Amino acid sequence: MTNNSPKLPYPYIGLRNRPTGAVEVGTIVFSILLTCAALAADSTTPVRQRNFSPNAVASGAKLFRSHCAECHGPNGRGGRGPDLTRGSFRHGSSSQALFNTISNGVPGTEMPVSYFPPNQIWQLVAFVKSLSRPDSSSSVPGNPESGARLFRQNGCATCHFTGKGGGRLGPDLTDIGSIRSAAYLRAAITNPNANAKDTYRAVRVVDNTGRQIAGVRLNEDTYSIQIMDYQENLLSFWKRDLRELEVSKDSPMPSFSSLPHSDLDDLTAYLVSLKKKASK
Amino acid sequence: MRALVQSLAVLAICLASSVFSLAQVTAERLLNAEQEKGNWLTYSGTYRSHHYSQLEEINRANVRRLKLKWVYQMSAQQKVETTPLIVDGVMYVTQPPNDVIALDAETGRPFWTYKRTLPEKIDICCGQVNRGLAILGNVLYMGTVDAHLVALDARTGTVIWDIEVADHTKGYAVTLAPLALKDKIIIGVSGGEYGIRGFVDAYDAVTGKRVWRFYTIPAPGEPGSETWKGDTWKRGGGPAWLTGSYDPELNLLYWGIGNASPDWNGSVRPGDNLYTSSVVALSPDTGKLKWYFQFTPHDVYDWDAAQIPVLVDAEYQGAQRKLMYWGNRNAFFYVLDRATGEFLHATQFATQTWAERIDEKGRPVRKPGSEPTPDGTLVYPGNQGGTNWYSPSFSPRTGLFYLSAWEYASKYYSGDTPYVAGNRNFGSFPADIPGDPGWSAVRAIQPKTGEIVWQYKLQTTTQAGVLSTAGDLVFGGTNEGQFFALDAASGAELWHASLGGLIAAGPVSYLSHGKQQITIAAGSALFTFGMDE
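Going line by line, the protein sequences match chains X and S. Under the numbering used here, read the first sequence as residues 1 to 280, first letter to last. Under the numbering used here, read the second sequence as residues 1001 to 1533, first letter to last.
This is chain X alone, in the form it adopts within the complex (with noise of 0.2 angstroms):
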C-alpha cells in the first residue's frame, strides 16, 4: 500500500490531471500565489468561495481517515479533536486558514504540525469544508418562522435557551445553526439519543435525608456528582452521603419523531436559523 513517490499528479482546486512533469513547478508557483492571495485579504474580507473538485474532496477523505480520523472521528464529527462539521472554526474557517491550521498544527494542543505536500494538503482542506457545505440553510425546506412556532408549543423552550429566553436544562441553541448541520439537528429532534455525548443524562439521587432529587448529570467523578435539577439549581453531593443514585443511559429529552414530517422540517429550519449574529 505504500507509495513513496513523491510526484503524484494531484487534482486539486479546480486544477484537474495536470501533466506529471508540470507537477512540481505548479505547486511552487500556485503555493506562491495562494501565500499572496492570502496576504492580500485581510480577515475581514469575505473569503471567496473555493471550488473543489470532487477528486481533491476524495483524496482528501483518504488522507482525512488516515491523520485526522483518529481525533476528529470517522465521518469528522470530533472526538479526542473537536467537531469538524460545523463550517465554523476556533483557529479561522477559510480555506487559507484551514490550509495554516492543518500545516502547522495548533500549539499547545495534540493538533500536530504536518508534512504534507501543499497539494495534499489542500486536499484535506477541500474534504474538511465538504463536510460542512451541505448544511447551509439554503437547502432546508421548511418555513422557520412557523418552526419558532411549534418550539413554543412542544415546550422546547423549558429546556432550551434560544438567545430571546427559555430553560438551562438542555444545551443552549442560540448559535446552534452555526454549529451543527440540518440533518444533526433533524436527528437530534427524532432520536435525542443518535448524538448522546456523555453529558445531559438524567440523574435521580436519594440523599442520606431521603430527600428525592432529580434533574440533568452536569458532571461526576469517582468521589462526587454535579447536578441541575428541574428548578435549574445547582446541587452537589458526595456521593457517600447517598442512599441511591441513578444515572440514566438516556437523554432527558423526549423524542418528537410522531410529529408531522412538514413540522419536523419547520423546527429544523427554525433551528438552523438560529446564528450567531455577527457571522465571519
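Among the hints, a few may not be true.
Claimed, not checked - Some but not every residue of chain S turned toward chain X, in silico, with C-beta under 8 angstroms:
1. G1127
2. P1220
3. G1427
4. Q1459
Stated by the list, open to error - Away from chain S, derived, C-beta distances all over 12 angstroms, residues of chain X:
5. P82
6. G105
7. L150
8. T162
9. R168
10. R204
11. N208
12. Q212
13. D221
14. I225
15. N233
16. L259
In short, the hints are calculated from the structure, not lab data. Because the structure is a prediction, the values reported are computed rather than measured. All C-beta atoms in this analysis are idealised placements derived from N, C-alpha and C, irrespective of residue type, glycine included.
Once you have looked at the hints, place chain S on chain X.
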C-alpha cells in the same frame, strides 16, 4: 610539623568531600538504590522497578491526617507526565515539553530552571510530553521531543552536552526518562505512529558518544527478519518509549517495545513483526539481544508493550526463580522467567475480546473476527489498552502487583495510508464508542495465580501510575485530579484530596528533614504531602 599534618588532613577532607560532591550519584549508589529509602534515584525508584517506597511513617493508621506541604506551579501548556527524582534533599523534575527544574524538596522552592528552546515544527503523536530524568554523578540526563539527549549540570542546569539521537522531522522523539547504568545512559525512542524503525541506544555518560544501538526491527538476514515482508521492516515502528529495568546479577537490561507500524493496518506487514509489542533482554554493555518474548504477535491495535518490567525474586511452583511481572496493554498479566525469557503463565486482568486464551508457549490464540475491518470492529480493550505506560507497583510486603486497569472498548477500523516520512502512519484509526467512555480501577493482582484480589473502582479512565509503600498504602489518581490512598491489603479507601487537574504521572515518596513526603504531579503543578507536625 604537627600544623602541617593538620593542614594536610583538612585538605584531604576537603578534597574527599569535593570528590564526593562531584560524584553525587555514583553508579554504585544506583545499584544499591534500595538502601536509600529517603531518595528516589531512578524513574521507577530502583533497577527492579517496583515503584515502591520502603518508608512507613505514613501508614494505614495515620494517612487520614496527610496534609499538603507545598505546591509548585509549572508554566506548562502540555500534559504533565513527569516522575521526579529526589537526591539528598533536591527534587529534579521536568516541565513539559523539555524544561528541568531543581527544587528544594522541603519547601518546593526552585534552585534553578533550565528552559529548552525547541524547533517550531514538532509533530509528536500524543502531546509534547516528558516523563522524567536520569542522574549519574552530578549530571542530569533528559530526552527531548526533538529527539535529542541532553546532559545538564545538576548544580546549575547548565548544558554539558546536547546530542541528536535521531531526526525529529522523521517522526522520532524521546519522551521517556533515561536509565543511567554503569557508565552509560540508556534511552529508547518514541514514534511508532510515524513509520520509524525503532531502537534502544546507549550513550557514554561523560562524552555523549553513542556506544551501541539495538534496532527493535531486525534488518534482512538478522534473526527475526523473517517476520517482516519485503521492505516493511524499514518503517515497521517498534518504538521503545518507556524506561526499562536492570538485573545486575544477570547483567541484563529489559526494555518494552512498542507497536508495529502502521498501527491499525496489519495487511501490509504480514508476519509476527518482531520485536514489536515484545520485551527484549539486552546486554547493557553491547546491546546484544539475549532473549525476547512477544506479547502480541502481529499487533493491529496499537498495543505497545511500553510498560515497566517489574523484577521480583520469588518462589514459583516450588522453586526460587528470577521472575518478571508484566501488566500488558493487551489486557493480560504475564509472569516470565527473566533469566531465560521462558513464559510461565498469563491471566486476564481487564475485559478483552480479542484472544480465546494464551497458549502454553505464551502465544495468544486469537478470536476469529477480532481484526480491524473497513466498517469497524468492536474490541475490548480499546486503543489505550487494559493498561498503558502508567507505572505499576509491587509491594514485597503484600506480595501483590498493583496497576491502573481500563474497562473500555474501541471500534477498530482498517484502511490504508500512503507513507510520507515524518507524517503519521496510522493505517487507519480506532474510534471511541459514543456515550460509553469506559471506566477504570486500581487492581491488585496476586502474581502467583493472576487472581484479582481487590479493585478500587474509578468513575472514569485514569492515566495515573500507582505507588505502594511499606506503610501498606497504595497511592493513585484520577482524570479529575483526585489523589487517593488505599489500604494495600484490602483496597479500602483511606484518604483523598482534590488537586483540580488531570493526574497522568506516577507518585513518589522520599524523606525531607527526616519526614516522609509523597509527591504527585496534577494539572500543571506538583503537589507534596506530609504528616501534620
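Which earlier hints turn out false for this structure, listed by number in ascending order?
2, 6, 13 and 14
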